[in-house]
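> Here are the chains, one letter per residue:
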Amino acid sequence: MSLPNPESLRSILATDCGSTTTKAILIEKRGDEYRLIVRGEAPTTVEAPFEDVTRGVLNAIMEVEELAGRKILDGERIISPQKGDEGVDLYISTSSAGGGLQMMVSGVVKSMTGESAQRAALGAGAIVMDVIASNDGRLPHEKIKRIRQLRPDMILLSGGIDGGTTSHVAEMAELLAAAEPKARLGAGYELPVIYAGNKEAADIVRERLADKTALVITDNLRPVLERENLTPARDRIHDLFMEHVMAHAPGYKKLMTWSPVPIMPTPGAVGLIIETIAREEKINVMGVDIGGATTDVFSVFQGVFNRTVSANLGMSYSVSNVLAEAGLPKILRWVPFEIGELDLRNRIKNKMIRPTTIPQSLEELIIEQAISREALRLAFEQHKMLAVGLKGVQQERTISDTFEQSGSGETLVRLDHLDLLVGSGGVLSHAPRRSQAALMLLDAFLPEHVTELAVDSIFMMPQLGVLSTVHPTAARQVFEKDCLIRLGTSVAPVGPGKEGQTALHVALDLPGGKREEFSVPYGGLRLIPLADGQIAKAVLRPEKSFDVGEGKGRERTVNLRGGVVGLFFDCRGRRPFTLSEDRATRISKLNQWNEALGIYPAALARS
Amino acid sequence: MAHSYTPGLKVTAFTVLRRERKLPLSGTVLSKVGDAVKADTIVARTELPGNVQTVNAANLLGVLPEDVSDCLIKPIGAPVKKGEVFAESRSFFGLFRSKAASPVEGTLESVSSVTGQAILREPPIPVEVDAYVDGTIAEVHPNQGVTVETRGTFIQGIFGVGGETSGELHVAVKAPGETLTESMITEAHRGKVVVGGNHVTTKTLFHAVRMGVKAIVIGGFDDQDLREFLGYDLGVAITGSEEKGITLVVTEGFGEIPMANRTFELLKGCEGRKVSVSGATQIRAGVLRPEIIAPRLEEAARTEAVSDGEPAGLEVGAQIRVIRQPYFGRLGKVTGLPPELVALETEAKVRVLEVDFGNGSRAMLPRANVEMIET
Chain A
10 MSLPNPESLR SILATDCGST TTKAILIEKR GDEYRLIVRG EAPTTVEAPF
60 EDVTRGVLNA IMEVEELAGR KILDGERIIS PQKGDEGVDL YISTSSAGGG
110 LQMMVSGVVK SMTGESAQRA ALGAGAIVMD VIASNDGRLP HEKIKRIRQL
160 RPDMILLSGG IDGGTTSHVA EMAELLAAAE PKARLGAGYE LPVIYAGNKE
210 AADIVRERLA DKTALVITDN LRPVLERENL TPARDRIHDL FMEHVMAHAP
260 GYKKLMTWSP VPIMPTPGAV GLIIETIARE EKINVMGVDI GGATTDVFSV
310 FQGVFNRTVS ANLGMSYSVS NVLAEAGLPK ILRWVPFEIG ELDLRNRIKN
360 KMIRPTTIPQ SLEELIIEQA ISREALRLAF EQHKMLAVGL KGVQQERTIS
410 DTFEQSGSGE TLVRLDHLDL LVGSGGVLSH APRRSQAALM LLDAFLPEHV
460 TELAVDSIFM MPQLGVLSTV HPTAARQVFE KDCLIRLGTS VAPVGPGKEG
510 QTALHVALDL PGGKREEFSV PYGGLRLIPL ADGQIAKAVL RPEKSFDVGE
560 GKGRERTVNL RGGVVGLFFD CRGRRPFTLS EDRATRISKL NQWNEALGIY
610 PAALARS
Chain B
34 MAHSYTPGLK VTAFTVLRRE RKLPLSGTVL SKVGDAVKAD TIVARTELPG
84 NVQTVNAANL LGVLPEDVSD CLIKPIGAPV KKGEVFAESR SFFGLFRSKA
134 ASPVEGTLES VSSVTGQAIL REPPIPVEVD AYVDGTIAEV HPNQGVTVET
184 RGTFIQGIFG VGGETSGELH VAVKAPGETL TESMITEAHR GKVVVGGNHV
234 TTKTLFHAVR MGVKAIVIGG FDDQDLREFL GYDLGVAITG SEEKGITLVV
284 TEGFGEIPMA NRTFELLKGC EGRKVSVSGA TQIRAGVLRP EIIAPRLEEA
334 ARTEAVSDGE PAGLEVGAQI RVIRQPYFGR LGKVTGLPPE LVALETEAKV
384 RVLEVDFGNG SRAMLPRANV EMIET
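So the sequences go chain by chain: A and B. For what it's worth, my numbering labels the leading residue of the first sequence as 10, then goes sequentially. For what it's worth, my numbering labels the leading residue of the second sequence as 34, then goes sequentially.
Just so you know, the hints here were simulated from the structure itself, not pulled from any lab data. A quick note: this is a predicted structure, and the numbers were derived from the prediction, not measured. The beta-carbon is built from N, C-alpha and C at its ideal position, and this holds for glycine as well. Some hints could be false.
[Claimed, not checked] Far from chain A by the CB rule (all over 12 Å, computed), these chain B residues: (1) F126; (2) L128; (3) P136; (4) E182; (5) G350; (6) D389.
[To be verified] Straight-line Cα separation of at most 20 Å, SDA-like style, residue types lysine to any residue; simulated pairs: (7) A:K154 <-> B:E331; (8) B:K382 <-> A:D83; (9) B:K43 <-> B:K382; (10) B:K236 <-> A:P149; (11) B:K382 <-> A:L76; (12) B:K115 <-> A:L148; (13) B:K55 <-> A:L159; (14) B:K55 <-> B:V320; (15) A:K191 <-> B:S59; (16) A:K154 <-> B:L81; (17) B:K115 <-> A:P149; (18) A:K191 <-> B:Q177; (19) A:K154 <-> B:P156; (20) B:K382 <-> A:P364; (21) A:K221 <-> B:V147; (22) A:K92 <-> A:P149; (23) B:K301 <-> B:V320; (24) B:K43 <-> B:A313; (25) B:K382 <-> A:H439.
Construct all of the structure, not just a fragment, from the sequences and the given hints.
In structure tokens, the structure reads:
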């Protein structure tokens with residue numbers, strides 16, 4: 010199937026086959042721009058009794074047909090190209106069904122090529138099951154045992170800079186050969202292995218692995234210590250994902266023939282759209298997608314893209330793991346009423362065993378949103394640990410650097426440099442009030458200085474990511490107009506303070522010539538409504554121990570962009586942000602913040 | 034909406050069931066189509082390649098990696114005993130000898146000329162698969178295993194711990210709302226599958242392990258107890274490989290929840306019968322629920338195989354169970370399925386259904402918060 014000329018595209022149908030739901034969106038050219046027309050969804054049908062992903066895709070498209078009031082399918086075939094009012098010019102898809110892409114990566118030094126390999130796999134949209142390295146502290150037979158247990162979809166083997174030692178790479182290849190790893194989906198095909206290490210060792214690797222695995226050799230992902238070259242490895246991962254993993258998943262062979270564009274792993278596609286926004290707007294962006302089983306965090310700081318996936322942090326299948334990892338007190342600290350430990354534990358486990366249920370009472374909603382804060386916080390912590398500068402790189406230092414102990418391997422994630430934070434996933438995108446999503450993002454990420462907040466309205470970033478490879482303009486237009494819901498802008502001074510004492514003075518020039526001046530005390534949170542598309546000019550004057558981006562106590566003049574919630578003046582404290590240990594004080598504070606943003610119906614909220 | 038269903042747990046008095054019994058890798062199938070099998074009959078067998086040990090031979094021998102193969106005194110592929118020397122080098126005009134010995138019994142698999150490592154493989158590990166349920170072999174998957182067919186009572190639980198087991202079923206409580214306590218479990222229950230009511234504690238479970246009980250089937254269980262029982266906080270619901278000396282099947286959920294009447298009555302009807310039980314649960318791609326199967330092979334097949342059929346749609350009159358607060362655990366009958374979205378107390382607009390709990394008590398619930406009781 011050939012790719013239609015992007016210039017002549019009138020309509021695009023895009024699906025994302027998730028583990029539980031298949032989502033379809035219809036995009037059409039209206040006038041000079043592309044817009045989202047409708048969205049449909051249906052349960053994913055990868056598992057028994059259907060075992061054919063195309064059933065769910067067809068069901069989702071049928072819903073799109075119903076809602077759009079036009080024909081797209083001819084029986085079980087997508088009509089393409091569009092003829093009159095029937096069919097679409099392009100069909101594209103992403104997939105994370107069946108557990109997504111699960112990989113094992115290997116490098117020589119864990120914190121160097123091991124980490125680079127991990128970043129390449131994560132960036133391609135994979136879940137990294139384990140990182141095996143020469144110096145990971147495990148004995149050879151323990152490594153072999155682990156490789157045998159894992160049964161990944163694919164292995165990425167790296168190690169050594171070009172021209173460096175080959176013996177460690179050979180050792181890893183030998184361990185792999187001895188383990189005789191089997192692919193996860195069925196025993197009927199050879200496990201794909203990508204080698205992206207020292208090019209001098211390619212022949213040795215070929216000799217050890219070519220007969221036992223489906224080996225592909227590509228460019229070294231760390232050709233010199235100072236530079237990563239992840240793109241060739243990422244591209245090979247996408248190719249093999251299509252050729253091996255997808256081709257063996259039920260129904261995908263058929264689905265692949267429906268589209269001229271390769272099916273992309275969902276997170277890989279989300280990463281693409283985040284990278285595109287950061288590049289085009291020249292900003293630092295972070296995106297988070299909190300799902301039922303996993304939470305993905307994407308970031309672009311100073312032009313460097315990073316993605317991490319917290320495979321066991323999520324709001325349904327993995328909800329109990331949030332409890333296990335964060336601990337009960339961390340979750341309880343966000344709940345503004347009394348609840349017994351036994352009761353809360355049982356509720357969380359009941360959600361785990363019946364993951365598709367939704368909160369019916371306000372109390373249940375508040376508990377879910379408390380858990381989500383901790384899931385987001387933990388996923389963010391993990392992201393910060395992996396999104397770091399290259400380790401093992403010698404840096405030239407001057408005398409002025411002597412006092413700055415910033416060695417290599419420092420996190421690239423700087424909240425004080427973050428321009429835009431985008432939240433996505435059911436608990437954020439479908440929160441009954443948008444202000445709830447805003448407060449969850451503020452509490453979990455604690456953005457500093459001036460940061461815009463947004464949510465993905467109906468989670469269509471994956472489809473737009475894959476669309477951006479074919480038609481970047483269409484992807485960008487839909488993203489701006491229909492996908493992003495701008496919540497507003499947060500202003501958060503950083504620095505220590507005393508409860509109740511003034512932290513920030515604000516003078517706001519609002520649209521229509523209205524002016525507002527006010528102060529916010531330390532520990533306070535204030536909302537000023539400002540509609541989406543409107544800009545307010547703000548003069549921010551922090552007290553002497555606080556910084557809003559210009560240094561301690563220094564005034565900053567900045568344009569603040571509005572959103573469906575407004576402007577958040579968050580003086581609750583950063584570095585550190587603390588919640589009172591005293592139960593009554595904590596509950597009263599939480600209620601105060603909740604009321605400031607009006608996040609729950611006042612009459613129903615328990616206190 | 035293109036297609037909508039609310040899958041539930043199967044609680045069936047009589048059905049035909051098939052269970053695939055496959056080896057982890059290819060091997061020998063020991064049964065043929067039509068063979069009558071017992072739960073403990075071995076139906077397939079194979080050998081897993083043995084574990085691997087590495088020895089840095091170049092270091093031990095004091096030679097370069099590329100010279101290790103010249104020092105071998107055992108050929109590649111040869112069997113070696115634990116402590117047996119497989120390579121030897123001589124230095125200083127043959128005066129000094131260095132040796133490399135095998136740390137395990139097995140075979141010398143390979144020697145690397147780049148790293149100087151020798152790889153030794155331990156003997157293969159035998160793996161057997163049993164039939165799990167009494168029945169007949171319906172299908173043979175060459176080199177992989179079989180499909181066993183049985184018929185009888187089939188009950189799915191919501192969550193379980195521990196693997197497959199079988200034994201004679203005994204109902205230890207009088208009513209589904211009664212708690213299973215230590216005093217109800219005695220030496221007489223050794224080797225049996227014991228059914229309780231609304232709740233069991235870890236203390237009682239440990240007592241049951243001491244009494245040699247094979248499995249416990251219960252309505253509700255506390256997460257606190259689960260943590261104590263397992264020794265860790267269970268993060269993701271993937272279970273079945275725990276070795277706690279007993280299998281646990283929870284039919285309703287976490288908390289003190291009376292076992293559904295229908296489930297309880299069916300289990301009572303299996304009193305004294307041999308049942309097969311599995312606690313394996315996987316609530317992710319490829320949902321797996323714990324189960325109790327009570328074969329009734331003496332009865333002729335009288336229903337179609339429904340074990341893996343497509344779940345029926347939610348209709349007015351359907352029996353449902355509420356699976357979330359505030360009506361968690363209550364059973365009722367669907368009286369209405371309004372098509373429009375309705376705002377909940379949370380302000381979320383969702384699809385709902387009307388339910389009658391009996392005794393004139395009615396409620397409006399999100400459709401996502403009920404499950405059908407499939408029969």
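> Return the numbers of the hints above that this structure violates; sort them in rising order.
The structure conflicts with hints 3, 7, 8, 9, 10, 22, 23, although it agrees with all the remaining ones.
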